[in-house]
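Enquirer: As a plain string of letters, each chain reads:
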Amino acid sequence: MEEKITLAHGNGGRRMHELIEDLRIQFSNKILNELSDAAELSINKNRISFSTDSYVVKPLFFPGGDIGKLAICGTINDVSMKGARPLFISLAFIIEEGFSLTQFKKIVHSIKQEAKEAGVSVVTGDIKVVEKGAADGIFINTAGIGIINYATSIGGRVKPGDLIVINGTIAEHGMAILNAREKLGFKSNIKSDCRSLNLEVQRCLNVSNKISFMRDLTRGGLAGVLNEIAGGSNIGIEIYEKDIPVRPPVKKLCDILGFDPLYVANEGKFICFVDAKDARRIKKAMGKTSQIIGRVLPSHKKEVFLETKLGAKRLLAMLEEDQLPRIC
Amino acid sequence: MCLAVPAKVKSIKRDRAVVDFGGVLKEISLGITSGVKKDDYVLIHAGFAIGKVKEAEARDTLRALEELKKVL
Amino acid sequence: MKASKIKLMEVCGTHTMAIARAGLKDVLPKSVELISGPGCPVCVTSQSDIDRALEIAGEKDVIMTTFGDMMRVPGTKTSFEGIRREGADVRVVYSSLEALNIARNNPSKRTVFMGIGFETTSPAIAETILEARRQKIKNFFVLSCFKLIFPALSSLARSKKIKIDGFICPGHVSVITGSRPYEKIARDFKTPCVITGFDEIDIIQGIRRLIKQIRENRYEAEIAYKRAVSPQGNKKARKILTLVFEVCDARWRGLGLLKGSGLKLRPKFEEFCAQREFKVKLPKPVKVKGCLCGEVLQGIKTPRDCKLFKNKCTPQNPIGPCMVSSEGTCAAYYKYRNRG
Numbered sequence: 000m001e002e003k004i005t006l007a008h009g010n011g012g013r014r015m016h017e018l019i020e021d022l023r024i025q026f027s028n029k030i031l032n033e034l035s036d037a038a039e040l041s042i043n044k045n046r047i048s049f050s051t052d053s054y055v056v057k058p059l060f061f062p063g064g065d066i067g068k069l070a071i072c073g074t075i076n077d078v079s080m081k082g083a084r085p086l087f088i089s090l091a092f093i094i095e096e097g098f099s100l101t102q103f104k105k106i107v108h109s110i111k112q113e114a115k116e117a118g119v120s121v122v123t124g125d126i127k128v129v130e131k132g133a134a135d136g137i138f139i140n141t142a143g144i145g146i147i148n149y150a151t152s153i154g155g156r157v158k159p160g161d162l163i164v165i166n167g168t169i170a171e172h173g174m175a176i177l178n179a180r181e182k183l184g185f186k187s188n189i190k191s192d193c194r195s196l197n198l199e200v201q202r203c204l205n206v207s208n209k210i211s212f213m214r215d216l217t218r219g220g221l222a223g224v225l226n227e228i229a230g231g232s233n234i235g236i237e238i239y240e241k242d243i244p245v246r247p248p249v250k251k252l253c254d255i256l257g258f259d260p261l262y263v264a265n266e267g268k269f270i271c272f273v274d275a276k277d278a279r280r281i282k283k284a285m286g287k288t289s290q291i292i293g294r295v296l297p298s299h300k301k302e303v304f305l306e307t308k309l310g311a312k313r314l315l316a317m318l319e320e321d322q323l324p325r326i327c
Numbered sequence: 000m001c002l003a004v005p006a007k008v009k010s011i012k013r014d015r016a017v018v019d020f021g022g023v024l025k026e027i028s029l030g031i032t033s034g035v036k037k038d039d040y041v042l043i044h045a046g047f048a049i050g051k052v053k054e055a056e057a058r059d060t061l062r063a064l065e066e067l068k069k070v071l
Numbered sequence: 000m001k002a003s004k005i006k007l008m009e010v011c012g013t014h015t016m017a018i019a020r021a022g023l024k025d026v027l028p029k030s031v032e033l034i035s036g037p038g039c040p041v042c043v044t045s046q047s048d049i050d051r052a053l054e055i056a057g058e059k060d061v062i063m064t065t066f067g068d069m070m071r072v073p074g075t076k077t078s079f080e081g082i083r084r085e086g087a088d089v090r091v092v093y094s095s096l097e098a099l100n101i102a103r104n105n106p107s108k109r110t111v112f113m114g115i116g117f118e119t120t121s122p123a124i125a126e127t128i129l130e131a132r133r134q135k136i137k138n139f140f141v142l143s144c145f146k147l148i149f150p151a152l153s154s155l156a157r158s159k160k161i162k163i164d165g166f167i168c169p170g171h172v173s174v175i176t177g178s179r180p181y182e183k184i185a186r187d188f189k190t191p192c193v194i195t196g197f198d199e200i201d202i203i204q205g206i207r208r209l210i211k212q213i214r215e216n217r218y219e220a221e222i223a224y225k226r227a228v229s230p231q232g233n234k235k236a237r238k239i240l241t242l243v244f245e246v247c248d249a250r251w252r253g254l255g256l257l258k259g260s261g262l263k264l265r266p267k268f269e270e271f272c273a274q275r276e277f278k279v280k281l282p283k284p285v286k287v288k289g290c291l292c293g294e295v296l297q298g299i300k301t302p303r304d305c306k307l308f309k310n311k312c313t314p315q316n317p318i319g320p321c322m323v324s325s326e327g328t329c330a331a332y333y334k335y336r337n338r339g
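Protein sequence lines, in the order shown, are assigned to chains A, B and C.
Position one of the first sequence corresponds to residue 0 (numbering that gives the first Met the number 0), numbered consecutively onward.
Position one of the second sequence corresponds to residue 0 (numbering that gives the first Met the number 0), numbered consecutively onward.
Position one of the third sequence corresponds to residue 0 (numbering that gives the first Met the number 0), numbered consecutively onward.
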């Protein structure tokens, strides 16, 4: 049977990474080979962070945001993680014939508001309308450009002993979306954590020049992203279950549906790898909800471990398949 | 074999109840459990209350491990 | 003190998962060995039951509904996820009542619910069928693949292939059944049974009680999960269950045909029976060479004994059901490996 693209090719798990690797080989160049969410470019001695992303979230409107807000935050965050200050955004719509104009206006309004709050300008764009059935409502693509400042930038590489700091509670976006999309009928104050992180990132860069790496925790959740970093940077990582912040209702909904919050997507969370000396400082810059959750190991390259509340250490594997609500 | 999570009964209307899992509310069926009253705790499995449950008391895991080692 | 290891079987897959997730095996005394049993409904569902469900889902104007657990389980040729990609209408539900709602909202289609699970789940489905009758919904059908846990427990306790010193019994099944049915197993097979909850501390306490019984040469059914389980269980749930279903023989993956271990709809509810409504032809079953799921489900082998494990058989490309089910023993071993 002919092999087909499945949802697992886009879920942040192993199959997606295999597909990305195939593409990387075809277009191989020094910048792409970094496989980072944003490319770091050098143009006339200016260092630039450049990124693109497409937004296909369902439902379009969800507790805590909508596809428009997400399209701005997501790209701003990708650009920011290079230690850059995002400045310019491109905005392209693919809209299915018959889509509600009122909804479209609502989405545009959130884009406008989020861009304003984050201090970025939408400078170019495109609209395509396709026949009914050729797209599902509306898809958005954005690209973003930011400047990396020499004085405050990410220094060095991830090294053993670096501590990992997170800026807050995990799994909110994924659980909010799931409940809204699957109409599971759970009522709660769980909201998507969707927001722009550029100002928080700037605060971190202002207090330390010993940050070795930053990443936002989107698809694949904390566990997925840590595995990507462990693989990409050829390091071992250990995190501590007791220190990973999860809001109680989010944890509850995960328990009810049999989900592991470590694998659930976020849209407003990032982690900082930082020299142990500066970890407290970064934690402070990240704000009240932040937490030191783990460290880089001198051994066990490419592997991620979780120290459980009982003190046992087990492998934290990459997500294999999307989680589904289960009864067992 | 079966995930079931305790929740508190907030309100009852015939054989349906709204339960609170702790910040997460859901309408569930009381169809297979008798004698459930408002403010009772019930175990929820696949959208049904399968039985009443008492609130778990706070317990110390490490002490339980020590006690286990004692009986060996 | 005996030198040999104490072998305890956690019957329930949710226990297997909780133990693996917490890393409990690492912190338990080395003299205690935990063996995983047959209590994962996905794992013990026979190939032919899965094939039948897939064939039914492929029929015209059918909406197939099931719990998320079943979506990726491979039948002989494909899985629910596979046929959904090809255009079949397969939907994941959290509750069977959602499946009934789907039936009500789609009167021109036939909605089928594939029912898997043990005594915890089957009364809820029985009640859903009663509700369907009350609401006069005629396009709702249940494919009953339910299993009863006690025949499987007896079969394992009787087994000559493995000596189990005690059963960590499933807390949530016992909410329905109560502790009484375990008394006979404990007595007849001289194997202590302790009904255990699912928090780490519950499991530790359950294990402690089992060891205490073993040390004192007692063979009793004990409840270590008193906040939820009583000796008599949930009588109303059992009454509804026996009103709608009757006991039948059933085929278990790994254990084979067990007498009186399954449930089928009683004749007066046969209008809801998917097997009666849909006459489908099943593909010829192919036995997978080298797959040890059968032995793993009986606790005779561990996943590490299987040549396919981690090699050809991974959660991405599962060959046996113990790898497919997220609470399957192989999946738990794969996902929660210890630090090497």
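A portion of the hints provided could be inaccurate.
Restricting the straight-line Cα-Cα distance to at most 16 Å, the calculated cross-link-like pairs of lysine to aspartate or glutamate (EDC-like) are [said to hold, decoys possible]:
| # | chain 1 | residue 1 | chain 2 | residue 2 |
| --- | --- | --- | --- | --- |
| 1 | B | 37 | B | 54 |
| 2 | A | 250 | C | 198 |
| 3 | A | 186 | B | 54 |
| 4 | C | 225 | B | 54 |
Since the hints were made in silico from the structure, they are not lab data.
Enquirer: State the violated hints by number, sorted upward, taking the hints as numbered earlier in the document.
Expert: Failing hint: just 3.
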